[in-house]
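When you get a sec, could you build the whole thing from the sequences and use the hints?
Top to bottom, those sequences are chains D and L. The numbering of the first sequence is our numbering, which starts it at 69 and goes up by one. The numbering of the second sequence is our numbering, which starts it at -9 and goes up by one.
Residues of chain D clear of chain L, computed beta-carbon distances all greater than 12 Å: (1) F210; (2) L215; (3) M307.
Below, in silico cross-link-like pairs of lysine to any residue (SDA-like), each with a Cα-Cα straight-line distance of 20 Å or less: (4) L:K84 with D:P180; (5) L:K255 with D:Q94; (6) L:K13 with L:K95; (7) L:K253 with D:R91; (8) L:K255 with D:R101; (9) D:K225 with D:V127; (10) L:K234 with D:W181; (11) L:K206 with D:G262; (12) L:K234 with D:D267; (13) L:K84 with D:R173; (14) L:K234 with D:G266; (15) D:K272 with L:P237; (16) L:K84 with D:V178; (17) L:K255 with D:G262; (18) L:K131 with D:P89; (19) L:K134 with D:P89; (20) L:K131 with D:R85; (21) L:K95 with L:E71; (22) D:K102 with L:F257; (23) L:K253 with D:S105; (24) L:K253 with D:L103; (25) D:K271 with L:Q235; (26) D:K102 with L:I250; (27) D:K102 with L:K253; (28) L:K253 with D:Q94; (29) L:K134 with L:I166; (30) L:K255 with D:H96.
Since the hints were derived computationally from the structure, they do not count as laboratory data. Ideal Cβ positions, reconstructed from N, Cα and C, are used throughout, including at glycine.
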Amino acid sequence: MGAVAGVAPPDNSTRRRGVQPLRAGQGHEFLLRKLHSLSGIVPIGAFLVEHIISNFELVHGPLAYAQQVKFLNGLPLVRVLEWAFIFIPLLYHAGFGVFITFRGRANVNVYPWAGNWMYVWQRISGLIAFAYIIQHVWRQRFAGVSLPEHPGFAYSKVQMELAHPWMLAIYVIAMVATCFHFAYGIWLFAAKWGITPGDNARKKSAWVCGAVGSALCAMGLVSIFWVAYAKQYPIQDVMPAQPNGVVMPTVPTVNGAADYPTTNSAGQQVAPNGVPQQ
Amino acid sequence: MSTKTKNGHSGVKAEHYKGTTYKVSIKRQATPDAPSRTEVFELPYRKGLNITSVLGDIAMEPVNASGAETTAISYDANCLEEICGSCAMLINGKARMACSALVDKLLAEAGGDTITLAPLSKFPVVRDLAVDRSVLFENLKAVKAWVPIDGSYDLGPGPKQFPQIQEARYPLSNCISCTICMEVCPQFNDQTNFVGAATIAQARLFNMDPSGAVLKEERLRALAGDGGVQECGYAQNCVQACPKQLPLTEAISDISRDVIVQKVKDFFVR
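Structure representation (structure tokens):
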């Protein structure tokens, strides 16, 4: 064949390596991404706001906090609400968020610009929040005394948890990370859904989101430190006579004793709420 | 000799190099499959050099710093005035245009006497500093980044374009397809296969054109595909790095909204 001079120019018509072109109109990642983005605001973000506001009742003491817990657990279809609007969206948002995180190639070491740092911090804060929420849901919702059934124990359960200095530190770090993630998440949502396309709009949005995030974080931290540094409250049910959830009405018998209090604090006889007989 | 430059970088004054030499360390690769190696060149300093003239100097006398004969550096370049978009490469580690990257500033920024050059990291290397950026062309084709005016007969004059629309479109028309916005994007990689800011901005440019708007829905549906506009993580590196100052984040935001509206509309009415 002899010496062949030169090499054929690279074939640009088929690209076998490197970043592949857009798969125009194909796949479902658009829907998954938008669901991820939306779920961060509603319902997860909305729940975060509710959670921090509810927890602020801690500053009013054990009974007020217990009543707040009882109120929330008394919502109609509360277990359905809990799974449909908290656990499932949270699992999706967190799972898909981890997927997004590990598909990105952070390059803040080369391009140390503000937006690029926020890109990295949004992912770090998300991972911190996810790790924290796993242990938080396990230890406060599923392990130990069941608060939906015994809301009266809510205050002392939280106080016991924060009695460990390292757990207090975890709560403080997680509160800051979660509020940052939510605040920057609102900003990102507005930018990515085309609500704030202009530079000025995004600057104004940054101030609003920063203020919302700071206020939430401050409220959360006040609640944490309030209960952590308050006088140790004895572990007791502050609302023993108010069982929560669905309680089957029992027809009081003449001779038998009812399984609920039949006298009020003044010792007067009280009748249970009448259950309409069909 | 170390001093503070205007940019706040701790560097060395340009005058220091008068009558002296400086070094250029270049990441080279003979073929797309060959292993890469680094070759250092030592060149006489002249005032006002840019990187394309440095590469020209090397091509005139391809001898490396250890005195060995070598080959000239392969790289893409054409206009030499930051308008053709060919000569993007990693200069001192950062993606920028070789023609508008000035040696005096680069030496001050590096704080030493060595400038590093490397090919863009996210595109397949053809040879040395020349990379295959055809993915951008494929992406522009995928979103139909053109105005369809071809017909079998004279289509006549197009619709009038208001000055307000022209003003909004002009910044987006400045794109030179250099791919720097894609190179600096943390989401543009072989995992996401993200389309990149340039293509999204061009879709916006042609969607705003009164004649080009006829393909608007097709462009939006294309950008909802895998690797589409949803992959943007809004790190905003694109708009920071763009040598032509395109309003890329604004275009991404606008296109995102249009894509969402289009998909919702398609879901309910198609």
